[in-house]
Every structure is written in C-alpha cells, then in structure tokens.
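Build out the structure end to end from the sequences listed, making use of the hints.
These are the residues of each chain, in order.
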Amino acid sequence: MSRLSIRLFTVLALALAVGLATAVSPYASSAPDGLERVADDKAFLDKGKLHPVQEDAPIPGYAFPGVQNPRVATGLAGFVGSLGVFAIGCGLTFVIRRRRGSPGATATA
Amino acid sequence: MVSPPVALHIPDGFLSGGVAAAGAVLAVAAVAYGLRVADRDLDEARVPLLGVLAAFVFAAQMLNFPVAGGTSGHFLGATLAAVLLGPWIACVVMAVVIAVQALAFADGGVSALGANVVNMGVLGALCAGFAIQAGLRVLPQTRAAFLGLVAVVSWLAVMVGAAATSVELAASGTVPLGTALPAMLGVHALIGIGEAVITAVAVGAVLTARPDLIAVGRFEAPGYATGAPQAGVAS
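These protein sequence lines are chains P and X, in that order.
Heads up: the first sequence begins at 1 in my numbering, then just goes up one per residue.
Heads up: the second sequence begins at 110 in my numbering, then just goes up one per residue.
Keep in mind that a hint or two might mislead.
To be verified - With a cut-off of at most 20 Å between alpha-carbon atoms, the simulated SDA-like pairs for lysine to any residue come out as follows:
id	chain 1	residue 1	chain 2	residue 2
1	P	Lys47	P	Glu36
2	P	Lys47	X	Val219
3	P	Lys49	X	Ala130
4	P	Lys47	X	Gly126
5	P	Lys47	X	Gly282
6	P	Lys47	X	Gln250
7	P	Lys49	P	Gly61
8	P	Lys49	P	Pro60
9	P	Lys47	X	Ala130
10	P	Lys42	P	Ala31
11	P	Lys47	X	Gly127
12	P	Lys47	X	Val276
13	P	Lys42	X	Ala280
14	P	Lys42	X	Thr288
15	P	Lys47	X	Ser125
Treat the hints as calculated values from the structure; they're not laboratory data.
Keep in mind it's a predicted model, so treat the numbers as computed, not measured.
So, in structure tokens, the structure goes:
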C-alpha cells in the first residue's frame with residue numbers, strides 16, 4: 001500500500017489542526033467544562049485567580065485583542081496559537097537534532 | 110453568547126504552594142527525561158511530528174463539546190501523543206501546549222502549570238503508553254483490537270488525570286476528596302468518551318496513512334498495522 005510522504009502527511013495534519021483551531025473553535029461549547037462545573041457545584045470556583053504574569057498575556061481567554069466579533073477573535077486566537085505551538089515544537093526538534101550532530105544518526109529505519 | 114473556551118485546567122488559587130511545587134518538580138523531571146529520550150530516539154520520520162502533534166492537541170483542546178447537564182469537556186490528547194511519539198516525548202508535547210496556554214492565553218495557572226502538565230500530560234501519557242504496550246501482549250494483533258485498546262486506554266488516561274486533580278485539590282485543602290473525587294470522575298467519565306472517540310479516529314487515520322508513525326507497540330507487534338512485515342529492529 002502506498003504511503004503518504006512524510007511531507008504531505010505533515011502538511012495535511014497541520015492544515016487539519018490549524019483549520020480546526022481557526023474555523024471550528026468559535027463554535028465550540030461555551031458551557032463550563034468538567035473542572036469548572038465541579039468547582040462551581042462544590043463552591044470553590046471563586047478561589048481561582050490569574051497569576052500576575054497572566055495580566056500581560058497577549059491573547060487572554062482565547063480572544064484576539066482588538067477584534068470586536070467574538071467568533072473572529074476566537075478563530076484568530078486559534079490560528080495564531082496552533083501555528084505558534086507548531087513553531088515551538090519544530091524549534092525544539094531543531095535544537096535537539098543540532099545538539100545530536102549529524103541528522104539521521106539513529107539506526108531505526 | 111460566544112464566550113471563549115475556558116479552563117479545564119487548574120487556575121492559580123486552587124492548589125496550595127506545596128502541592129503546586131510538587132507538581133512542578135514532577136513535571137520538570139518528566140519533561141527533562143522526555144527531552145533526553147527525544148535526543149536519543151526521535152527518528153527521521155518523526156521529526157515533524159512533535160510540532161504537528163502540539164498544534165493538533167492545542168487545536169483540539171479548544172473544541173469544547175457538550176456533555177450532560179450544561180457541562181462541556183475537551184480533548185486532552187496525551188494518549189494520542191503517546192501512541193505517536195512514545196510516552197516520554199509525549200510529555201514534552203503536552204508541556205509545550207499547556208505552557209503556551211497558560212502564558213499566552215491565560216488558560217490554566219502559572220503556579221499550577223506543573224500540576225496541569227502532570228494531570229493532563231505526564232500521567233496520561235505514561236499510563237497510556239505502558240497500558241497499550243501491556244495490552245498488545247495479550248490482544249490479537251489486529252487493527253480493530255489495537256484501536257479498541259487505544260480507545261479504552263485514552264478513556265482511562267482522562268480518568269487518571271481527573272483523579273489526580275481531585276487528590277491535589279483535596280491535599281491543598283480546597284475541597285474534601287470525598288466531594289471532589291466522585292464529582293470529577295463522574296463528569297470525566299463522559300468527557301473520556303469524547304477523548305476515546307477522537308483518539309481512536311486519529312490513530313486509525315494515522316494507521317491508514319503512515320502506520321510506521323505509530324510508536325507505541327512498534328516492537329511488540331510488528332506488522333499489526335497493515336499485515337506488511339515491519340522491520341521493528343530495536344537497537
């Protein structure tokens with residue numbers, strides 16, 4: 001059976017991830033999630049607070065700043081976030097491989 | 110009203126300093142070991158996978174789906190990452206996602222970051238990775254058995270994370286264990302079904318497109334994916 005090339009696999013999987021984060025996340029359920037529901041029911045939700053560092057978070061609460069339409073703001077946040085973590089993951093891999101020296105040094109095929 | 114997806118993650122203020130610090134120590138240890146494993150084991154084919162999986166986990170964690178009674182849940186992804194990268198490298202992927210969520214999106218605490226990485230990443234990835242390896246030894250080596258195993262284990266991974274969260278909340282004096290544990294397990298039993306379905310579908314897709322990218326069980330069950338013999342040479 002013919003396999004997808006790793007390049008095509010990567011492009012398709014990344015497109016799916018970015019697409020979901022951008023186009024589907026604005027329509028995700030906004031109901032309280034598991035932990036939040038329990039915290040609310042058991043009356044400790046109000047103990048939660050932001051860390052001072054998070055006051056300066058660039059995209060607080062998955063709403064892209066300065067965008068009025070909440071769906072667009074969430075979609076943009078998803079777009080930037082999914083590409084951002086992809087970049088960080090690739091950066092980490094790059095650093096690991098460079099540390100290791102020559103690429104493709106492992107024995108497994 | 111559209112409100113942004115909110116935390117399935119522990120915010121700051123829920124955990125005591127000691128519990129948060131213990132979580133941080135465990136998370137740092139697991140991620141450090143994961144980086145060493147990546148340094149040693151990450152083969153050519155999997156090089157782009159770390160970033161792609163981080164993107165997929167981030168995306169899927171934004172997609173809250175409704176479960177019973179006006180509650181929602183979202184995919185966690187530790188089992189998926191463990192299946193594709195092995196349990197230890199999966200810890201690194203989950204830590205990247207959860208750290209970005211906390212620092213860039215103010216989702217999940219900063220003091221509680223380690224605990225969140227442990228609950229949603231490390232515990233799930235390690236339990237899933239080793240449970241799947243164990244399961245493969247006794248199950249028939251078929252696609253259906255493998256995907257069924259992945260589904261069950263991903264449900265379990267969510268339950269383990271929920272249980273750990275309850276224990277941490279109780280140890281912090283936030284809520285008694287007898288109150289937190291049944292409530293957390295009850296909700297997450299439903300959320301885990303979503304996790305199981307998404308993980309099985311995603312692993313099934315990878316199994317069809319690139320069976321060689323399945324890391325867990327690779328050496329135990331050569332050729333289970335397509336029937337084609339696989340080299341499976343462990344060094």
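Here is what the structure says about each hint:
no.	hint	result
1	P:Lys47 <-> P:Glu36	holds, 11 Å
2	P:Lys47 <-> X:Val219	holds, 15 Å
3	P:Lys49 <-> X:Ala130	holds, 17 Å
4	P:Lys47 <-> X:Gly126	holds, 14 Å
5	P:Lys47 <-> X:Gly282	holds, 12 Å
6	P:Lys47 <-> X:Gln250	violated, 49 Å
7	P:Lys49 <-> P:Gly61	holds, 13 Å
8	P:Lys49 <-> P:Pro60	holds, 13 Å
9	P:Lys47 <-> X:Ala130	holds, 18 Å
10	P:Lys42 <-> P:Ala31	holds, 17 Å
11	P:Lys47 <-> X:Gly127	holds, 17 Å
12	P:Lys47 <-> X:Val276	holds, 17 Å
13	P:Lys42 <-> X:Ala280	holds, 16 Å
14	P:Lys42 <-> X:Thr288	holds, 8 Å
15	P:Lys47 <-> X:Ser125	holds, 11 Å
Checked against the numbered hints above, the structure breaks only hint 6 and satisfies the rest.
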